[in-house]
Amino acid sequence: MSDSLSAYTALITGHEGDEIESYVARPTDDGIRGGVVVIHHMPGYDRSTKEIVRRFAELGYDAICPNLYWREAPGAAPDDAAATARAQGGVPDGRLIGDVGAAAAYLRALATSNRKVGVIGYCSGGRQSVLAACNLDLDAAVDCYGAFVVGTPPDGFPLQVTNLVDQLPHLRAPLLGLFGKEDSYPSPEQVAELDEILTADGKPHEFHSYDDAGHAFFSPDRPSYRVAAANDGWERITAFYSTHLGG
Amino acid sequence: MCTYATVKTALDGSAKGPESSWFHVTDGTVYFDHPVHAMAEHTLNIDFADPARGPSARVAVELTAASARELVTAIQAALDSAPAELTV
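Sequences listed follow chains A and B, in order. For the first sequence, the working numbering assigns the number 1438 to the initial residue and increments by one for each residue that follows. For the second sequence, the working numbering assigns the number 1033 to the initial residue and increments by one for each residue that follows.
Since the hints were derived computationally from the structure, they do not count as laboratory data. A few of these clues could be false.
Here are some chain B residues pointing at chain A (derived, C-beta under 8 Å) [as the list claims (entries may be wrong)]:
(1) 1036
(2) 1038
(3) 1040
(4) 1059
(5) 1062
(6) 1063
(7) 1066
(8) 1072
(9) 1073
(10) 1079
(11) 1085
(12) 1087
(13) 1088
(14) 1113
(15) 1115
Derived Cβ-Cβ restraints for the label pairs, each shown as a range [claimed, not checked]:
(16) A/1668 to B/1071: 19 to 27 Å
(17) A/1672 to B/1071: 26 to 34 Å
(18) B/1111 to A/1662: 36 to 44 Å
(19) A/1648 to B/1112: 46 to 54 Å
(20) B/1073 to A/1626: 13 to 21 Å
(21) A/1676 to B/1069: 33 to 41 Å
(22) A/1443 to B/1107: 46 to 54 Å
(23) B/1106 to A/1649: 33 to 41 Å
(24) B/1097 to A/1468: 49 to 57 Å
(25) A/1657 to B/1096: 20 to 28 Å
Every residue gets a Cβ at the ideal spot worked out from N, C-alpha and C, and that includes glycine.
Excised from the complex, chain A in its bound form:
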């Protein structure tokens, strides 16, 4: 398999017909393959997220990351866009579903598509990955340490989000969850609660929780990076997508 790839910016028609910027990376060969939608973390559509998109192309998938902050801050630096979006209340769940659905449709329309599309998100994007898989026809979902999939925010916690417990019965795709045992949000207890709910509902899922890892252990440019957990996590993601997006 060649590891040649190309990457480019595309405008896609997102939620409610809004045109939004997206970053696309694709293997250069014309073989038939699956696709991956990458949901960027709260700090935005940044360099590290685009590296993840390119990594999925290197792994043999057509990959796309929609810029969830494009409406608030078109053309702005990723950190400025994230600050602007945050000050305006963040990304509404309905809009996230619309934008991820549009990104999945973009991938399925490619001549190289086998019509199978997975989704992956980190941090706030982990919750959004589960949200998307509860509301869209996707073939696999990966949640990397997303907080508030389950769990009740502490008293006085000024959250803008709700948990997804009432939506979990609608989960339509197998879920891979990757977590750090030293994380507080989601805590090991919350991961166990999610595991129990999905098991009771008969939802296919596979969870891995790592010792000596907290939140954001995949981020190589942050002090939270844990090489052993990140390396094993990437292997789990590779095997999971090979099973559910291949063929």
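With chain A fixed as given, assemble chain B onto it according to the hints.
This is chain B only, laid out in the frame that chain A set:
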């Protein structure tokens, strides 16, 4: 974690940068969450901004929790040290 917590306040003043230019500040956004640059998992972040001038009209600081508390104390001490009639 992403705390999602965001505290907003109206401001009236000026800030310097980006590109070493001063601009009028109208909005402050304060939150405790992941930093972009600081070497800490979470920091107290403040954006001094003028949204009317676009997303780049922003001065951002990311402070450890301890240094943010020291800053609060320092600001209060500086205000208290000035004659009361000047700080109304």
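A quick look at each hint next to the structure:
1. 1036: 5 Å, holds
2. 1038: With a minimum Cβ separation of about 6 Å from chain A (threshold 8 Å), the hint on residue 1038 of chain B holds.
3. 1040: Constraint on residue 1040 of chain B satisfied, holds at 6 Å.
4. 1059: Since chain A brings a Cβ to about 7 Å from residue 1059 of chain B, closer than 8 Å, the hint holds.
5. 1062: Violated. Min distance 10 Å.
6. 1063: 7 Å, holds
7. 1066: Interface hint status for residue 1066 of chain B: holds (6 Å vs cutoff 8 Å).
8. 1072: Holds, about 7 Å.
9. 1073: Hint holds; residue 1073 of chain B Cβ to chain A Cβ min 5 Å, cut 8 Å.
10. 1079: Holds - the Cβ of residue 1079 of chain B comes within 8 Å of chain A, reaching about 5 Å at its closest.
11. 1085: 11 Å, violated
12. 1087: 4 Å, holds
13. 1088: 5 Å, holds
14. 1113: Cβ of residue 1113 of chain B sits 32 Å from chain A, so the hint is violated.
15. 1115: Given a least distance of 34 Å, the restraint on residue 1115 of chain B is violated.
16. A/1668 to B/1071: 19 to 27 Å: 22 Å, holds
17. A/1672 to B/1071: 26 to 34 Å: About 28 Å separates the Cβ atoms of residue 1672 of chain A and residue 1071 of chain B, which means 26 to 34 Å holds.
18. B/1111 to A/1662: 36 to 44 Å: 40 Å, holds
19. A/1648 to B/1112: 46 to 54 Å: 49 Å, holds
20. B/1073 to A/1626: 13 to 21 Å: Since the Cβ atoms of residue 1073 of chain B and residue 1626 of chain A sit about 20 Å apart, the hinted range of 13 to 21 Å holds.
21. A/1676 to B/1069: 33 to 41 Å: Hint holds: Cβ distance 34 Å, inside 33 to 41 Å.
22. A/1443 to B/1107: 46 to 54 Å: 51 Å, holds
23. B/1106 to A/1649: 33 to 41 Å: Between residue 1106 of chain B and residue 1649 of chain A, where Cβ atoms are some 37 Å apart, the hint holds.
24. B/1097 to A/1468: 49 to 57 Å: Between residue 1097 of chain B and residue 1468 of chain A, where Cβ atoms are some 50 Å apart, the hint holds.
25. A/1657 to B/1096: 20 to 28 Å: 22 Å, holds
Comparing the model with each numbered hint stated earlier shows that hints 5, 11, 14, 15 do not hold.
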